[in-house]
Amino acid sequence: TQLLEQSPQFLSIQEGENLTVYCNSSSVFSSLQWYRQEPGEGPVLLVTVVTGGEVKKLKRLTFQFGDARKDSSLHITAAQPGDTGLYLCAGAPHNNGNDMRFGAGTRLTVKP
Amino acid sequence: DTAVSQTPKYLVTQMGNDKSIKCEQNLGHDTMYWYKQDSKKFLKIMFSYNNKELIINETVPNRFSPKSPDKAHLNLHINSLELGDSAVYFCASSQDLGNRGLGTQYFGPGTRLLVL
Numbered sequence: 640t641q642l643l644e645q646s647p648q649f650l651s652i653q654e655g656e657n658l659t660v661y662c663n664s665s666s667v668f669s670s671l672q673w674y675r676q677e678p679g680e681g682p683v684l685l686v687t688v689v690t691g692g693e694v695k696k697l698k699r700l701t702f703q704f705g706d707a708r709k710d711s712s713l714h715i716t717a718a719q720p721g722d723t724g725l726y727l728c729a730g731a732p733h734n735n736g737n738d739m740r741f742g743a744g745t746r747l748t749v750k751p
Numbered sequence: 044d045t046a047v048s049q050t051p052k053y054l055v056t057q058m059g060n061d062k063s064i065k066c067e068q069n070l071g072h073d074t075m076y077w078y079k080q081d082s083k084k085f086l087k088i089m090f091s092y093n094n095k096e097l098i099i100n101e102t103v104p105n106r107f108s109p110k111s112p113d114k115a116h117l118n119l120h121i122n123s124l125e126l127g128d129s130a131v132y133f134c135a136s137s138q139d140l141g142n143r144g145l146g147t148q149y150f151g152p153g154t155r156l157l158v159l
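Protein chains in written order, with the working numbering: chain R, 640 to 751; chain G, 44 to 159.
Worth flagging that the hints you see were computed from the coordinates, not collected in a lab. Take these hints with a grain of salt, some might be off.
Stated by the list, open to error - With the C-beta cut set under 8 angstroms, the calculated list includes, among others, these residues of chain R facing chain G:
| id | residue |
| --- | --- |
| 1 | 644 |
| 2 | 655 |
| 3 | 670 |
| 4 | 672 |
| 5 | 678 |
| 6 | 682 |
| 7 | 684 |
| 8 | 724 |
| 9 | 725 |
| 10 | 727 |
| 11 | 731 |
| 12 | 738 |
| 13 | 739 |
| 14 | 740 |
| 15 | 746 |
The beta-carbon is built from N, C-alpha and C at its ideal position, and this holds for glycine as well.
Take these sequences, add in the hints, and give me the full structure.
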């Protein structure tokens with residue numbers, strides 16, 4: 640069992656559709672991060688959420704941290720082919736920033 | 044300039060060989076990491092170094108040994124390579140924020156290791 644469970648594992652949608660991906664845990668995190676990884680490259684940080692119930696927006700991407708700080712979601716509005724990639728959530732148990740744990744990721748494909 | 048660089052980008056080698064992957068960061072960060080990403084894209088931490096001291100050492104075979112000559116470099120040496128070592132290895136760095144939360148992890152481009 641992984642510390643951070645992501646769903647769905649794969650998602651294929653048409654351009655213009657909306658989608659939500661989830662990151663869940665039975666553990667409480669002081670903060671969670673979302674990264675996006677494109678083929679052949681390393682992950683790149685999108686956002687860090689630190690307060691329970693917090694909502695952060697990054698253009699068409701909306702990130703939410705659960706009230707209990709055990710889960711997070713990423714919502715994309717009007718998806719575009721450029722959004723295609725692997726979305727990873729990450730957190731550090733016991734607030735030890737040197738011990739980052741990643742979820743298995745959601746692989747998103749947006750078709751034109 | 045590339046913030047986190049790794050060499051080589053591709054590495055194809057025979058089972059039983061010894062190989063090294065080099066990593067350098069020019070961000071002035073005090074913590075560096077090695078991650079392994081398998082064929083299913085699962086990214087797992089292997090080692091974490093802070094100021095040249097090993098902080099995290101996940102359950103990896105002792106054939107893997109990180110070496111940090113200075114704060115800007117963290118190399119990964121692998122002895123007696125096995126087929127199951129084939130994966131993409133990512134180096135990363137971050138600034139330790141202590142109990143102030145998670146710092147941003149900056150990843151290198153990855154080293155694609157194939158053991159034949």
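Here is how each hint holds up against the structure:
The beta carbon of residue 644 of chain R comes no nearer than 12 angstroms to any beta carbon in chain G, farther than 8 angstroms, and the hint placing it at the interface is violated. For residue 655 of chain R, the interface hint is violated, since its Cβ never comes within 8 angstroms of a Cβ in chain G; the closest pair sits about 26 angstroms apart. A distance limit of 8 angstroms between C-beta atoms decides the matter here; for residue 670 of chain R the minimum to chain G is near 5 angstroms, and the interface restraint holds. Hint status for residue 672 of chain R: holds, given a least beta-carbon distance of 6 angstroms to chain G, under 8 angstroms.
The restraint placing residue 678 of chain R at the interface with chain G is violated, with a minimum CB-CB distance near 10 angstroms, outside the 8 angstroms limit. Using the Cβ-Cβ criterion of 8 angstroms, the hint placing residue 682 of chain R at the interface with chain G is satisfied: the shortest such distance is roughly 5 angstroms. Checking residue 684 of chain R against chain G: minimum C-beta separation of about 5 angstroms stays under 8 angstroms; hint holds. Interface hint status for residue 724 of chain R: violated, as the beta-carbon distance to the closest one in chain G is roughly 11 angstroms, over 8 angstroms.
Interface hint at residue 725 of chain R: satisfied, since its Cβ lies 6 angstroms from the closest Cβ of chain G, which is below the 8 angstroms cut-off. Interface hint status for residue 727 of chain R: upheld, as the beta-carbon distance to the closest one in chain G is roughly 7 angstroms, under 8 angstroms. With a least beta-carbon distance of about 6 angstroms to chain G, the hint placing residue 731 of chain R at the interface is held under the 8 angstroms criterion. A cut of 8 angstroms between beta carbons decides the hint on residue 738 of chain R: the least distance to chain G is about 5 angstroms, and the hint holds.
The criterion of a C-beta within 8 angstroms of any C-beta in chain G is met by residue 739 of chain R, whose closest approach is roughly 6 angstroms, and the hint holds. Checking residue 740 of chain R against chain G: minimum C-beta separation of about 7 angstroms stays under 8 angstroms; hint holds. The restraint placing residue 746 of chain R at the interface with chain G holds, with a minimum CB-CB distance near 7 angstroms, inside the 8 angstroms limit.
Of the hints listed earlier, those the structure fails to meet are numbers 1, 2, 5, 8, in rising order.
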